[in-house]
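Here are the chains, one letter per residue:
Protein chains: 4
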Amino acid sequence: MAKLRAVLIGATGLAGQQFIAGLKNHPFIELAGLAASPRSAGKTYAEALRTANGMTAWFISEPLSPSVAGMKVISGDAVQAKDFDLAFSAVEADVARELEPRLARDIPVISAASAFRYDDDVPLLIPPINAAHAPLIREQQKRRGWKGFIAPMPNCTTTGLAITLAPLIERFGVKAVLMTSLQAISGAGRSPGVIGMDILDNVIPYIPKEEGKVEVETKKILGALRPDGSALSPHDVRVSCTCTRVAVLEGHTESVFVSLGKKASVEEVVQAMREWKGVEVSRDLPSAPPHWIHVHDDPFRPQPRLDRDVYGGMNTSVGRVREDGVLENGFKYVLVSHNTKMGAACGAILAAEMLRAQGLLG
Amino acid sequence: MAKLRAVLIGATGLAGQQFIAGLKNHPFIELAGLAASPRSAGKTYAEALRTANGMTAWFISEPLSPSVAGMKVISGDAVQAKDFDLAFSAVEADVARELEPRLARDIPVISAASAFRYDDDVPLLIPPINAAHAPLIREQQKRRGWKGFIAPMPNCTTTGLAITLAPLIERFGVKAVLMTSLQAISGAGRSPGVIGMDILDNVIPYIPKEEGKVEVETKKILGALRPDGSALSPHDVRVSCTCTRVAVLEGHTESVFVSLGKKASVEEVVQAMREWKGVEVSRDLPSAPPHWIHVHDDPFRPQPRLDRDVYGGMNTSVGRVREDGVLENGFKYVLVSHNTKMGAACGAILAAEMLRAQGLLG
Amino acid sequence: MAKLRAVLIGATGLAGQQFIAGLKNHPFIELAGLAASPRSAGKTYAEALRTANGMTAWFISEPLSPSVAGMKVISGDAVQAKDFDLAFSAVEADVARELEPRLARDIPVISAASAFRYDDDVPLLIPPINAAHAPLIREQQKRRGWKGFIAPMPNCTTTGLAITLAPLIERFGVKAVLMTSLQAISGAGRSPGVIGMDILDNVIPYIPKEEGKVEVETKKILGALRPDGSALSPHDVRVSCTCTRVAVLEGHTESVFVSLGKKASVEEVVQAMREWKGVEVSRDLPSAPPHWIHVHDDPFRPQPRLDRDVYGGMNTSVGRVREDGVLENGFKYVLVSHNTKMGAACGAILAAEMLRAQGLLG
Amino acid sequence: MAKLRAVLIGATGLAGQQFIAGLKNHPFIELAGLAASPRSAGKTYAEALRTANGMTAWFISEPLSPSVAGMKVISGDAVQAKDFDLAFSAVEADVARELEPRLARDIPVISAASAFRYDDDVPLLIPPINAAHAPLIREQQKRRGWKGFIAPMPNCTTTGLAITLAPLIERFGVKAVLMTSLQAISGAGRSPGVIGMDILDNVIPYIPKEEGKVEVETKKILGALRPDGSALSPHDVRVSCTCTRVAVLEGHTESVFVSLGKKASVEEVVQAMREWKGVEVSRDLPSAPPHWIHVHDDPFRPQPRLDRDVYGGMNTSVGRVREDGVLENGFKYVLVSHNTKMGAACGAILAAEMLRAQGLLG
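Protein chains in written order, with this note's numbering: chain A, 96 to 457; chain B, 96 to 457; chain C, 96 to 457; chain D, 96 to 457.
Certain hints may be false.
The list makes no distinction among identical chains, and a pair is therefore deemed to hold if it is satisfied within one copy or across any two copies.
As the list claims (entries may be wrong) - In silico DSSO-like pairs for lysine-lysine, Cα to Cα no more than 27 Å straight-line:
#: 1; residue 1: 372; residue 2: 358
#: 2; residue 1: 237; residue 2: 177
#: 3; residue 1: 304; residue 2: 358
#: 4; residue 1: 242; residue 2: 98
#: 5; residue 1: 314; residue 2: 304
#: 6; residue 1: 358; residue 2: 270
#: 7; residue 1: 270; residue 2: 357
Hints listed in this document are in silico derivations from the structure and should not be mistaken for laboratory results. None of these values were measured; they are calculated from a predicted model.
Just chain A, same shape as in the assembly:
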């Protein structure tokens, strides 16, 4: 079987690099094109990463393979959809707003950018939760007259939260969620991202726009596709959160208080998470972990440094599941989710895998 030929736009940034790492040795997707800003066009990828002072700006632990290093970078504006089967997008929101629709006329665009997340005809796919939202893509194509489509990933802070809520909703219902995040600095990228002087020996209690994203996206992800396939009805869970930044490189930690729809015991809550298999189509995808959620008994877990990389960063680790005495049917727990793997590039690759399994891609 011929592999799907993918172009990656925004290839030189930190998010783009994570796509490159995630697509290495992929069974059916081939990284066939790298696009970046006009300034990088015509250079090899390795040259495009080199800064004025001689640094090769490749920042992830998996070394850059020689084959990718030698690929010629094209300008995002010059990408020809006809040369590719799909596009992955790791550009900033403002660039995405221009570039993604142009490509989506012809090919699917799976994106880490937020530009189109809140459009009515755009699903926010987390395969084990809402594979059933994928057909909204047909509506999007119809409305916009596109052959392709745009499928953006949720905000990285939303992903782990939504995954842990999904089994609770299925078993008990969830009425409300209050969450405080302790987020890693990698999510802010490197231009300039979080400055060292701001985060060493410190906590930053505010991440602009983050809380609104989590509150809106969680409801959308956990919602339902209307019977006519024309739009999503958001879930009626109420969500309130405070998002902070801590001195952690990778892996978002979230302290969650949740009000269930009915009485339950700690054991039942733990069991619901442990037994949750997610939607069937999501289970055997190449990037899927053996379990979507791992619940620790050790009260000192999860910890971002120890748990973020389990199963390639595709797992959500949970611990400290306890009753909460304040909320109705209240429980509290802590989760760790890898913000740049499951929460970004690898989550997008997982979504592409699912869309293909659903016959919506390639």
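Guided by the hints, dock chains B, C and D onto chain A, whose structure is given.
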């Protein structure tokens, strides 16, 4: 006026060192004795701090003064109450359980240890909040037949939370609180405290016993002395929290969700905190800050590194006051409180100052 | 006596903020003007610090005083020399190259920028070492036809090294120095400075241009003014160094190997540093510390976090003085110097104080 | 072919855990026994790792496999040499002094402990450098009347230094080395290891005994076995170093100044390192990396976080190779070496592999 002669027990540990720094140049308390374990007895304080490998284990930024460095350390067991007017205690809970009652037979003991916090006849004093609890000391003396008494400080995580709740209770009432703490590592001390490998690039989601302390102590601090002065009626606020440890040296950050007793606006909540002056007797104490609470407009504040040391670490910094859509009359905010100054040694000195102003000390 | 009226150019950056903190309550210098980029002109200083997302970008622990917060910022280009007695400069090198000479035509400019450090008629003043270089200013004025002058500060990494070498040169002579620095991130400023992702759990082994600066400046600082006052003869010490960046906020640590001009014992080397008083004119300046060098006996010192702020950051802390078996008359030691206080803004203020004592300023 | 049955003594500590990770799926060594202190004896390994407060003290990122988790731990004192083909030792030096000789009477003991490193009849094996030292084991067996032997690994700070010196000695000779280390905290283990409060925002300039170890071991490792095989003649390179601790989890960084035996260019020095293949017997061992040394052109490398894990942590990364103007034929460079992989457990496994290839093991 002669100064009160204080003995410090547990003088060599991190908490003890903070008492020494806090009592430097105190207007009416003189550090007249230093006590530690029998192993240190007979040495000068500087010698007692020296470890086998040549390190002088003085860990706070204010340099050790030569006069304290040269004081002879006595064994905690050998402290004679008659030589002193009061004792400050910075020992561990198990040592406190033996040592503090022996001294309290004759002199007041103001303590950072948790050993007696939960006894019925023991107040948990935060001067601006509950100066009115101080007379419970009379009941304690009567019941136990002591001339002195034990006045323990609350847990450091409770202090900042209780201070920010106090003005809300006064103006609006508070029904419930959900709090997630991001705590500094200094609170764990140095024996061994938090290990570097555990906290660098990491979050530890569990601090044994901490959450229970915060939940119980908050209700006690905010409660009311019964008319007959025999005990405290805890406040009926419901408190639920998750306490975590982050890579911060000093200063606890807390993300608070609170349900008020009646409707309010963000402006009213901010105003309540800004205008709060605390109980009158607390206002002009030598260690009191000009304001108990500082509310930031800058959404990136408070930050522990920038805000912990304001007004000598006696201030509580608040920011990000917003409405919360989940709780009834819900609001959310972030606070920073200095865990080893207002939250421990300096809070104890402040309490001593208040007790003297109330005629209960010396 | 009227205070000298100083204008600060580059007032909004991190270096500028340190000048503001350092000049607070100065006995004879008044901060009379604040200048920054045209974008800030006309705003109050507090407004100029406010970023688009609502942050007040004041990053040092001393709070911004209301009087400075309310000062109107002028554009660097619009500063009128006639309105001031001297200028302090905290601008980047390229801006300094334009702005400093314009002001120096009329008034003295004491600068933290590197632009003019290597000019023949420009001294690099560290008061206790080379007060005798100050008259080179007369040559500078003569050559350039200026009424004022430019006196730049050395690179922050050079300062601590030069201070510890000075007493060794006086007593024993110094032939060669090999130094490895472990530098704090504050030196890189905030635009963007060192990125959090680059420094957390990491060391960066390269700081562009830093090593060359240290090698050249050390020789210049320790050199001698020619008898005719026309230029400096650099010291013939050979200097080789490797400069690295570590996860420290403030305070450069340097590991030094030094070859003395004659035999000495560890005791003699320690004594030379401890007894060193520096040039007489430098000793009683308002910003001068009681000792220029503190030598620790504790082998675990100096440490940047514990030692950087001693005596207001104006002291250089030394420890681990030992013989080295490789170099001729070899010794090795570790030093800590505050890079943004003695090594930048406060060092510049100290230089201004000395120049005034020498009759060269105001 | 039957696998060699190995017992690991000191299995529960951090070093022991690294042996367990390193031996996972080993082609010819089977982890057949786990030994620890009497307190752990009789428990499963997972139980032995559980602390009083419920923590499972497994601290490395590779998850603990169920098969190891279920193994019964035996007391170090109860280990029967006859049950095993070899022993790996990860105990502290004082325990090693008792336990290792008892086992070495019958079986080879490959050890990370320092207890026997400095004995005349004990080699310090780094396979690519000094495979030729291995026959000293015969002398050891003869002298001590043992059927087994003790082969300790060098100190982790020595390993990277010696590896980078080896090709320089071969091509140019090396007369002297001055080195400053910036060491990771993992080397100190967890009992208590480096305390968080000591290392956050800090550098510790002293690691007890470390410098002496590096100076003596480097000469021994690079020395030559005397023709009669009875002892090693240390290399006459002079070594002087300063060892510091920085806020890095894993990976020692070292700033090296070296005086070569003859003139060379930077290109030749780089080439010598890049082309160095090490002793033939070391090249194809299962744990050997494709190259022993990687020399970066990017001046911002090596960095511990980015380079420590290359080739499973068995590679030494070098960068910033430059001439040094102070030493005779002087050069300087920076290296990063993984202190707990190549520098400890995995280095010991590599040595075992080599000894087997040499017919000295099993």
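Each hint, compared with the structure:
1. 372 with 358: within (22 Å within a copy, 43 Å between copies)
2. 237 with 177: within (20 Å within a copy, 71 Å between copies)
3. 304 with 358: between (34 Å within a copy, 26 Å between copies)
4. 242 with 98: within (20 Å within a copy, 59 Å between copies)
5. 314 with 304: Cα proximity of residue 314 and residue 304: one copy only (16 Å, versus 35 Å across).
6. 358 with 270: This pair counts as both: shortest intra-copy Cα distance 12 Å, inter-copy 22 Å.
7. 270 with 357: both (9 Å within a copy, 22 Å between copies)
The earlier numbered hints are all upheld by this structure, with none contradicted.
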